[in-house]
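*Asks:* Quick mapping for you: the protein sequence lines, in order, are chains F and G.
Quick note: the first sequence uses full-length UniProt numbering, first residue 1, plus one each step.
Quick note: the second sequence uses full-length UniProt numbering, first residue 1, plus one each step.
One or more of the hints may lead you astray.
Result set (PhoX-like, lysine-lysine): computed pairs, CA atoms no more than 20 Å apart in a straight line [what the hints assert, rightly or not]:
(1) G/Lys11 <-> F/Lys281
(2) G/Lys158 <-> G/Lys319
(3) F/Lys79 <-> F/Lys50
(4) G/Lys158 <-> G/Lys39
(5) G/Lys250 <-> G/Lys402
(6) G/Lys50 <-> G/Lys20
(7) G/Lys281 <-> F/Lys11
(8) G/Lys106 <-> G/Lys79
(9) G/Lys402 <-> F/Lys332
(10) F/Lys250 <-> F/Lys506
(11) G/Lys412 <-> F/Lys440
(12) F/Lys506 <-> F/Lys471
(13) G/Lys332 <-> F/Lys20
(14) G/Lys440 <-> F/Lys402
(15) F/Lys22 <-> G/Lys332
(16) F/Lys440 <-> G/Lys402
(17) F/Lys106 <-> F/Lys127
(18) G/Lys412 <-> F/Lys332
(19) F/Lys332 <-> G/Lys20
(20) F/Lys21 <-> F/Lys50
(21) F/Lys11 <-> G/Lys319
(22) F/Lys39 <-> F/Lys79
(23) F/Lys402 <-> G/Lys444
(24) F/Lys21 <-> G/Lys332
(25) F/Lys506 <-> F/Lys427
Ranges between beta-carbon positions, derived for each pair [as the list claims (entries may be wrong)]:
(26) F/Leu224 <-> G/Asp406: 46 to 56 Å
(27) G/Glu129 <-> F/Lys332: 28 to 38 Å
(28) G/Asp405 <-> F/Val431: 19 to 29 Å
(29) F/Asp396 <-> G/Val488: 41 to 51 Å
Keep in mind that the hints were calculated from the coordinates and are not lab data.
Using N, Cα and C, we set each Cβ at its ideal position, and we do this for glycine too.
There are 2 protein chains.
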Amino acid sequence: MVISKVEMERKSWTTRVEAKKKTIESVQGLVDGVIIPTKRIVEVLERLIKPGDRVVLEGNNQKQASFLSKSLVQVDPKKVHDLHMIISSISRPEHLDLFEYGIARKIDFSYAGPQSLRIAQMIEDGKIELGDLHTYIELYGRLFVDLIPQVALVAADKADRYGNLYTGPNTEETPTLVEATAFRDGIVIVQVNEIVDELPRVDIPSSWVDFVVVADEPYELEPLFTRDPRHITDIQILQAMMIIRGIYEKHGVKSLNHGIGFNTAAVELLLPTYGESLGLKGKICTNWVLNPHPTLIPAIESGWVESVYCFGGELGMEKYIEARRDIFFTGKDGSLRSNRTLAQLAGQYAVDLFIGSTLQMDALGNSSTVTRGRVAGYGGAPNMGHNPGGRRHATDAWYNLKTSDDPLARGKKLVVQVAETFQEANKPVFVESLDAIHVKDQAKLRVAPVMIYGEDVTHIVTEEGIAYLYKSDSMAERREMIAAIAGVTPIGMEHNPKSTEKLREKGLIAMPEDLGIRRSDAKRSLLAAKNIDELVQWSGGLYNPPARFRSW
Amino acid sequence: MVISKVEMERKSWTTRVEAKKKTIESVQGLVDGVIIPTKRIVEVLERLIKPGDRVVLEGNNQKQASFLSKSLVQVDPKKVHDLHMIISSISRPEHLDLFEYGIARKIDFSYAGPQSLRIAQMIEDGKIELGDLHTYIELYGRLFVDLIPQVALVAADKADRYGNLYTGPNTEETPTLVEATAFRDGIVIVQVNEIVDELPRVDIPSSWVDFVVVADEPYELEPLFTRDPRHITDIQILQAMMIIRGIYEKHGVKSLNHGIGFNTAAVELLLPTYGESLGLKGKICTNWVLNPHPTLIPAIESGWVESVYCFGGELGMEKYIEARRDIFFTGKDGSLRSNRTLAQLAGQYAVDLFIGSTLQMDALGNSSTVTRGRVAGYGGAPNMGHNPGGRRHATDAWYNLKTSDDPLARGKKLVVQVAETFQEANKPVFVESLDAIHVKDQAKLRVAPVMIYGEDVTHIVTEEGIAYLYKSDSMAERREMIAAIAGVTPIGMEHNPKSTEKLREKGLIAMPEDLGIRRSDAKRSLLAAKNIDELVQWSGGLYNPPARFRSW
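If we strip away everything but chain F, and leave its shape as in the complex, we get (with noise of 0.2 Å):
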């Protein structure tokens, strides 16, 4: 055994926290114990955040620290440069700007909707070099892997003096980014909207903080998963019908996950009504997965749900979670608790199943929301949209799902993706192959951003009928279900009338009348409530909705 001591005794093996350390000791004369004065949080970033760092920025489809990131926006570039940027949601401007700005240089993120078409252009033009994209939980596991922080700048509702959070309802992503910074001598510096003496309860204590600061406006979050049922159509009402009847009922669905579709929202809009009518109230959709979706009050108020556990709060549902905390996660303080982290975790390995809806689908069921010249992520769609290979016990949904009897063979996660053929301006939904391979070439990319493999799908739905992917192992015989529902897409064309009908016939795929449907019965009527204002009817007004919602 050979062991150089020269080696040993040469190298620090604590260079991370003498750093922080010494950077800490850098701004001493600008802040107030853990306090950054609010006005000169600039200056303070300049000192805290060395070029080349990788700082991960809360911002995820809802939250967002956006104090901070207008603050790191005016950093002077010739003193914070090259920075790696890790942004879960690339929502704000500001984001971008940082690398128009020189500030930063690379980036890591799951999910660019509002932004998706500029950092496309960015990433051709050089401007911007691109890590990866990611599902939000393969970005957190990264977090403690290969991407570890050096600086997290994060977002709560409240602090103490002592640096304790409160992060409220809308916890979501805050303690894992926390995490990982803080446990490997990162800084991590909080926006919060107020410093008060006692907290309603601590989400993260002060040992994982190292400064607070009060932001000039409360940090932004966005009502993503408010619904206004007026907007559901009868198409979607009747697709609706077809989930609760030909899916939810037939595999006895207990636990799930529903995404922001109209779709999903007309399916909690009709178990009160519908769903009461078939007799399945306590048989299906009793446990969720799920922000706290406005149009899931009425199932909640007519005894439908058991429970709720939640990514992230939603604008104007405080009250109503607080009154309602049989069904929700909340604090000692009765508001909200949600995990971003932990919701995936349970999305992903403890629900029967996951639904989504999809832009673009290919002949073998393969589909993507990113579309030519954007490019847009993932969030966390494909981690509950696919088979989790180390699942291991069974719910009867999962087990249902076993088509072998082979010693060995198991269940099935159910992902169901739902989509009408055809999208406004007459672009067919189907495909035969999908813009995600475009936009691979273009950001060059490695992998196409594809959201769900066609081999994780379990079910497909249109207006036509439900194609039950499952049952079938040939891929020529899913193409085959898959055009026989894709309608007069370019997809659908091929499909052949016989061999539909042989499709039928085997249960591959069932049309509204084959699971006692009839078209004419999906209308607005059925749904629990219309519009917004019947929702905060049947909250008894514990719901508040977003002004921009109160149009009634």
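Got chain F; can you put chain G on it based on the hints?
*Replies:* Just chain G now, kept in the frame of chain F:
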């Protein structure tokens, strides 16, 4: 729209918090604030836990809330009965005594190594109702969906008198179990080794905790990841050389997880010797997700390792970790921060490679550590040991496993299984049919308890060679590849020397010679440390092995 006002006014939506309030009031004469006097624990548990409650009891492969489990077994079954226990690892006799005594009725768990024989018998005798077997992470997920606990019994190092907790190096699953319970108006009871005025750091804030109790002795902690290099054999060294050359170097594996096997301990101990001779430092094995293995010390000291993120701690490694905090995740106090949930997440989504050993493998590569008469469960291997369908980012190693030119083709996680063709007592590892199938029937499981499915395995390493399973989609060819390296086991005897030669030529299998490895070089002299004492020397005396390993 119909709202039954009567229904709305009748129903209480705060039943759980009201019940909790009453329950807590019922112990007011027995407790002092949040502190339960040690000798009153049984009496207090009898009041805090109700018949039929779902109780999550901390206990994984390392850390056990042993005082609380010893106390729970003493409650009066007339007062507390029919509990539904949720335990990650059934490790202690009293975990099953609870069922013998009529205190508990149903169990959901992940792993039952030490108790796997007894639990199998109890299931067969109808003394215990089995919910299901899980991996850690899916069991945690269900705590937020359909296995929400009413009571959590967990362990921490220290508390202050407000109930803030210091879990120290062994944070592990405590925060996750507490979060699921505390934010659903459940009752959180924590055993601590001591109550102090000031904590080194806060790992869990008092807002999440209802009661603490000082245990009669420190919680049990198993040094599960300590492997004495004296027991590493020449065969394991040969396998380790093949792994380094034929997998890590070949694919450029930078981030990885190692389990507790001697095979992987050998890999760790060969990096500073054999790995160094190949010039691989900095090119492979830089970022790790694993417990603080003592056998990793020489690689760390030699500068191979950039970061280690841990599921849990390891007895005796405390001072070493604190002195090497550039490598580990530590709190401000310098002691390790582990987190089982986040480490599982990182191990699933953020690392290139998982490698594990197995006791049995069938001809198609399905493997299990479950053997006849035992219901052992899984732990975390299936989560890390599969190709995560939700992964979207590409590392070099992952992308290197892409085998198709399809525009939607992607890479793959490396899932490596290491096995010697025979276990002790001449039992073949490669078998026609897994014992797991027998256990499925015996324990009335819905699905056979397979640890790693053949479809997920990318490489198998035996003392004969490596099978590069990822290179072939053909079941017949995969079977041939496995047979070619299965020695003289029944499966191995199937192999045809001619086809083996063809497989070698095509690069589908590799023998040591094909990798430039001479079998005669595979000697213990290659190990950077040959015993525990040498590990202590490498650590500069910072590693302090548990007594049972101090036999030099």
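*Asks:* So which of those numbered hints doesn't the model satisfy?
*Replies:* As far as the earlier hints go, 9, 18, 25 and 26 are violated by this structure, in ascending order.
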